[in-house]
Amino acid sequence: MHLTLEFGGGLELLLENSTKVHKVEITTSKDGQGKVTTPKEGQDKVTMKSLLSWVKDNLIKERPEMFVKGDSVRPGVLVLVNDCDWELCGGLDAELEEKDVVVFISTLHGG
Amino acid sequence: MDGPAADGARLPPPRAGSRLCVRCGERKAALKRPKTLEQICRECFYIVFEDEIHQTIVENSLFKAGERVAIGASGGKDSTVLAYVLSELNRHHNYGLDLFLLSIDEGITGYRDDSLETVKRNEIQYGLPLKIVSYKDLYGWTMDDIVKAIGLKNNCTFCGVFRRQALDRGAALLKADKIVTGHNADDIAETVLLNILRGDIARLSRCTFITTGEDGPIPRCKPFKYTYEKEIVMYAYFKKLDYFSTECIYSPNAYRGFAREFIKDLERMRPRAILDIIKSGENFRISTTTRMPEQGTCERCGYISSQKLCKACVLLDGLNRGLPKLGIGRTKSGAGADSDGKQRTKRSERRNTSLQGKHGNFDF
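Line by line, the protein sequences are chains A and B.
If you count the first sequence from 1, position 108 lands on 111 in this note's numbering, and the numbers rise without skipping.
If you count the second sequence from 1, position 171 lands on 395 in this note's numbering, and the numbers rise without skipping.
In isolation and in its complexed conformation, chain A is listed as follows (with noise of 0.2 Å):
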């Protein structure tokens, strides 16, 4: 699955080249080696928090806790899934789609 990723308010600081916006593809099948599949066979599903723990084993270079705590992204960090609040999408159940748009701003940085 294709998915467009950005990363704002600081979080593109944990990246490489500090790069905010990643076009990548998600395997959903079982042999996608050091990538995240979907838990079971048949279920051809990326969530929201499959797709968290696959940016942070493959996308985030360093200080992962900035960005995750626990199997959910670190308070204050927001997440809009095609600029729609991820609260309103079901949060980390949210299921996505091919070319989905997902956002993540930090908000912990001062202003």
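No lab work stands behind these hints: they were computed from the structure.
This list has only true hints and no planted wrong ones.
Computed cross-link-like contacts, DSBU-like style, restricted to lysine-lysine with a CA-CA straight-line distance of at most 30 Å: (1) 344(B) x 23(A); (2) 72(A) x 503(B); (3) 52(A) x 259(B).
Let chain A serve as the given structure and place chain B on it in line with the hints.
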């Protein structure tokens, strides 16, 4: 996942998030408001967000027509949104304010020079004149110089004390009647907690005031006192406002960080907690037997101070005499609950043994 045929062949399926705005009932909701838990669309969000700030300004009589108002602008999210919203409201509601951006250049290479670039763009984007005042001009030292002299331990004390005065001095220099800052509801809740944790009764009682320094030459106010950080960031994101977001290279500020994280954890469980902490702060009764510091003025520079010399002058003295530790972790200028010298000495001794070093760097 559903195969390529699904793409473009149908309208987006009704997803969990495709609920309608509770305000207009027409457009798709774009966010959940932490204050009310309402789901609203982008357009309605802009309206309620701006309107609540307008109401705050009107109900608290923050401004008078004709006033010259300095917007403390760091280039970060809060001050950027404040500059944008205030200039909009000033136009729409005819406040009649003469607004300008006031930035402090602490002299931190790789941090402030970058964020000042953001403020310079804001100057053009929002059509607000920008004035920059530097620590170097005001104090003869940049933060880079100070860090060279004192290391990375207590530098935030210097920066915090100097910045507070710098905004006042800059505003005075530019003949402002008022200063506005972008402190938001989350910041204020955090400060209430910190003042409780530090037993700082004087600051606890005034940190929730929407306007402070009314007896001084230039009052300060916080139009975002009731505005959630989440909404400020959402507003900036949806409106594509240009702001700068890098942590200061010198500031770990661990203690405030813990309070901040705690507030964010509470917010996730119960967003109202932020407003409730502010409310608690507002309603504390300070016992009449608690000694409050008497506000006077600094003998050297005339700035408000409860001591003979203000904190900035004490710190500067230390720097200029090559004793930069002078004034660190001893008295809390302007905030100590003691006003007579004897008691002060005792206290500072006590602080020296138990608190110095660990607590030196969160003076605000």
